[in-house]
Amino acid sequence: MEGLQKLWLETGIANFEPGQLVMMAVGLLLLYLAIVRKFEPLLLLPIGFGAVLANIPNAGFTEEGGLLYYIYHVGIETGVFPLLIFMGVGALTDFGALIANPRMLLLGAAAQFGIFATLFGAILLNTIPGFDFTLADASAIAIIGGADGPTAIFLASKLAPDLLGAIAVAAYSYMALVPIIQPPIMKALTSKEEREIQMEQLRPVSKREKILFPIAVLGLTILFLPAATPLVGMFCLGNLMRESGVVDRLSKTAQNELINAVTIFLGLAVGSKLSADKFLTVETLGILALGAVAFAIGTASGVLMAKLMSRLSGGKINPLIGAAGVSAVPMAARVVNKVGLESNPHNFLLMHAMGPNVAGVLGSAVAAGVLLSWVG
Amino acid sequence: MEGLQKLWLETGIANFEPGQLVMMAVGLLLLYLAIVRKFEPLLLLPIGFGAVLANIPNAGFTEEGGLLYYIYHVGIETGVFPLLIFMGVGALTDFGALIANPRMLLLGAAAQFGIFATLFGAILLNTIPGFDFTLADASAIAIIGGADGPTAIFLASKLAPDLLGAIAVAAYSYMALVPIIQPPIMKALTSKEEREIQMEQLRPVSKREKILFPIAVLGLTILFLPAATPLVGMFCLGNLMRESGVVDRLSKTAQNELINAVTIFLGLAVGSKLSADKFLTVETLGILALGAVAFAIGTASGVLMAKLMSRLSGGKINPLIGAAGVSAVPMAARVVNKVGLESNPHNFLLMHAMGPNVAGVLGSAVAAGVLLSWVG
Amino acid sequence: MEGLQKLWLETGIANFEPGQLVMMAVGLLLLYLAIVRKFEPLLLLPIGFGAVLANIPNAGFTEEGGLLYYIYHVGIETGVFPLLIFMGVGALTDFGALIANPRMLLLGAAAQFGIFATLFGAILLNTIPGFDFTLADASAIAIIGGADGPTAIFLASKLAPDLLGAIAVAAYSYMALVPIIQPPIMKALTSKEEREIQMEQLRPVSKREKILFPIAVLGLTILFLPAATPLVGMFCLGNLMRESGVVDRLSKTAQNELINAVTIFLGLAVGSKLSADKFLTVETLGILALGAVAFAIGTASGVLMAKLMSRLSGGKINPLIGAAGVSAVPMAARVVNKVGLESNPHNFLLMHAMGPNVAGVLGSAVAAGVLLSWVG
Amino acid sequence: MMDLTELLVEAATLMGVGMIAVFCFLSLLIVAVMGLAKVAPPIADIAEPKPASPKSTQPANNAAVVAAISAAVQQYRKAK
Amino acid sequence: MMDLTELLVEAATLMGVGMIAVFCFLSLLIVAVMGLAKVAPPIADIAEPKPASPKSTQPANNAAVVAAISAAVQQYRKAK
Amino acid sequence: MMDLTELLVEAATLMGVGMIAVFCFLSLLIVAVMGLAKVAPPIADIAEPKPASPKSTQPANNAAVVAAISAAVQQYRKAK
Ligand code: NA
Ligand code: NA
Ligand code: NA
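Protein chains in written order, with my numbering: chain A, 1 to 376; chain B, 1001 to 1376; chain C, 2001 to 2376; chain D, 3001 to 3080; chain E, 4001 to 4080; chain F, 5001 to 5080.
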């Protein structure tokens, strides 16, 4: 009996702290969202599972020698994992629609107002007792408005590692909620006539333009914003491997096995940051609130910019596509398409929304570079 | 000529120690077993090759700066490689047969008696001069009876790294020998009538049960045996990725490229532990003997438990399937099927044996958790 | 405005050093060669991109904490990446042609004269003011003549890490230039009659020979040249996985995803060594010149050896195949085939040239072992 | 360290405790799995997911999935 | 550290500067992409690459590519 | 360090020794490969393995292989 008691003292039941139970519930909630609701399952499933593992008493996953400890230190603290994901996303991205209509980049720029307004909002929250965000914290939180997971994780790992878990969870959750958050804002800011505007078919884009595009993007980033080159550089490397057509072996691996393996590890490592003492704080509530605001502002500023461009172009641009400027590829573009079809069943905006959509990825990487070079 | 002499002094011929030659022969034997006899080639080929490389004089594979040194320290000492393999095996395992007939878990439990009896046996060996196993050593040796490679390597790397090479080699060798070791024991403990028992077809299992199963397993492990959560947790992560159906990309990578790459490295690193001073000892002989005993006892206790269950159920269970409880998936289940067919050419037990077979994997992970939380 | 100025001070424009601009141009040149000219794109694309990234001011790619810093230290400094590539190349190589006609190994031996003559040449360069190559430097440079990328990178990382960038770039560039460098030398050293010699069809090779071949190669290397066992050993492991037929899963991963992922990282890490202070030196000019000489001498000595063998065999050997002894698989064999067809449109030498071609890989690994055991 | 008798006693204890723990644990799991069978209506669930999965298994909230599919299609076409 | 007012001022500055920087940057990129369209003759280029690619995408200057193809062919044959 | 003459002498020595070593090594390998040809009966072996391989190449003594195949089959069916 003494022996069984010895084992009993090691059980989870005998060692649970309340915070761990709550965080496990959070982890299970994320698993539920991923599996049943199909919210960004590629990330939320490993994050949720990582959160469960990290909060097991006496298991030591996040202590030195534990699996999640190693994965976090090797992949997140160094920034390597988000950069490899970015390389893979670059290899998966087709910039054709944006090259055919480069003005769409302005929509990707406008939507970043969600980031910078949220930064101001995060500092403003400091007026409420209990909040004490530094400028670095505020920057890391604001990037949620960029609607781009690896960018958010990369920036948070550099500027506010303690907030990483909450920021990553908020970023992926809101990205999954795009179909719910965006449509009311889109409809409130546009008239029915505007939503019915049909756009001209995009011109075909040559292979040479597609090859030169990532080089041009990287060149400008080098000249004007070196702080963004880790993100933009790896993204452009992936895209160049894809478009050059001479290294299909490498491009295929970057798009598949490499990004898949890194996604598993990245998710687990992010989940390992969901510990009670870091997550069950009033800051997390603030982050969740700010994240929602960031998304809403980004969507609104994208749509408003598209309205302006629509007017200036004499009504050739459907202002709905501005909403795709937040990135959240390709969900935001699909939402645009869906809202467009509701107004006019023959109006397929998907291809037109892909331009601002991928522009939003570049826009938030540029915004991340600005924040890094200002704060970092 | 002086120059050639300088080179000569660096040759293997001029520097071989007898122990290295013997260990190379062991490595070549493992390669022979893997390639010609097809004994667990996925592991024994890299282990055998690693043993050859590790024993080359003046090559420095296992010294600081050498390839095998790095692989061992990064992957085995940290426990990362066996855990990744376990994730992959989880993603490869279908628990349908076990969920349809959960009583089979009792067979997976009974077969673990092989582990605990061997632990006692290992301590008993200390009565013979030359043996001096600690409780940690004995635990690491006993886990061979679990018939599960990654579990054995994980436990040995934590409890008895010096014995890792011998334990891993014994574990995989005996797993390969299952078709030779098990049938006589199975026949000795069952009557012809028992072996002829036909079992009812298994009910179909819903997707929801398959998704909830890994979560339930992990939940119980968290509550009662946190020390087993590294192994069980990664196994359940892999299985959840498989069954959830929402992350097929990740599941596919975990089942293929990731587990393959890690298998190569794991095998090489285990092989690098086959050095003369660690392997050419009387302890190794003891480990090999104990490993055989562990397998035999595990098989016997599984069959006896199945006999008991057969009686209690009024003859609805064929006691042969108890032998599959040792794990050694899927070899043990196939052996059950084969022995069953010998008694009754229409009696296909394969599906029925898959339940105890995967139960054995869980059983030995649980046993490993008990050992870790007692000894570790 | 003050804020914009703060950002301006961080731009690349405000921080560029002239050397960085030149090195970026070098990187872009490599990208051009890879993408437009299709010169060894699998390596030159990542190397060129790495060179661009490494020379961005204020981006910190190669400083502690930067992506390229980590990749270099983890993969190149340890020697792990070139060895994994070698394992993959081993898994991709079919030694059938060589086993059918083992005399071809002499051509692989003769072509290594390019290496040792260049070593002497590199030391001779020290007579020119500005050059000060040590024997280790000279050895690392000379291996360019081996026409084998991973071997060159492995040796340079051990013997002359400062010269690694220039050596790797020279090695891959000249390998890509094989179709331009070799034909004039081949034609100058052979008569039209010799080039028209048709060779007998090769005998079929049994599976058992193919399995035993890598074991025999490793065995001889262990006995006579342990310093070459890291390279030769990993190569033979890959080849054994391929030919054994019992670990197709592992072999497939080694040939595809693993070698692809490592190639991306290896290329980036090599590119990160293309910094102005290391590359824009008179030594680099010397390395480029010596590399060209090494290739030319290797080609010539291969052809001359083949001429000798042709005479001794009574005209059964076409001396052109000697040129394939430099390795540069399979480019050199194709060049042989093309030059052969120019003399005799029915003379297909491709299969016959594959023997010396893969022999050249072994030959330069052996030469690397000699250099390592002499100098290292 | 310990002398042999103590070790043997501890090993015997561990043998007993270990087997009890393993049986208890797996028995609890039997109960849990039986519970699962009640939670999940087996047949409806089996019939249902098949048609749904092509559309919904991969909700593709991010670029990777869509792009992966299009890339695969392209490669497939090239391969033909 | 800083007091709140200072922080707010800095955040407001960063808001302005950041948006200006993002717009300037992406505007420059618009100019650059428009430049690309002039450098590259769109239609000829689109028609051309398809037939060329099977031969030239993978120049296979090293063993890997050729061997990979032959290995794939072998596996394909085995698989049949 | 060393002066140039010494270095040149050493380089020349290494040139000679290295080429001798390379030739000796590869000559030994020729002998070894010729020995292999005698050990292995070429033709029987070539004819034999093909039919055997589907069954025996992957003996699948562990779960991975069987499960991988069933998983692949499932994916293939889903993909159809
Ligand atoms: Na964005
Ligand atoms: Na077991
Ligand atoms: Na060579």
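Keep in mind the hints are simulated off the structure, nothing from the lab.
None of these values were measured; they are calculated from a predicted model.
Just to be clear, a hint being listed does not mean it is correct.
[Claimed, not checked] With a straight-line Cα cutoff of 35 angstroms, these simulated DSBU-like cross-link-like pairs (lysine-lysine) come out:
#1 Lys252(A) <-> Lys1307(B)
#2 Lys2006(C) <-> Lys2187(C)
#3 Lys278(A) <-> Lys4038(E)
#4 Lys2338(C) <-> Lys207(A)
#5 Lys1338(B) <-> Lys2316(C)
#6 Lys1307(B) <-> Lys3038(D)
#7 Lys1278(B) <-> Lys1307(B)
#8 Lys2252(C) <-> Lys1278(B)
[Unchecked claim] Simulated coverage check for chain C against chain F, where a stretch passes if three residues somewhere in it have a Cβ under 8 angstroms from a Cβ of chain F:
#9 2096-2106
#10 2356-2366
Using N, Cα and C, we set each Cβ at its ideal position, and we do this for glycine too.
(message) To test your reading of the hints: which numbers does this structure violate?
(response) Hints 1, 2, 3, 5 and 7 are the ones this structure does not satisfy, whereas the remaining hints hold.
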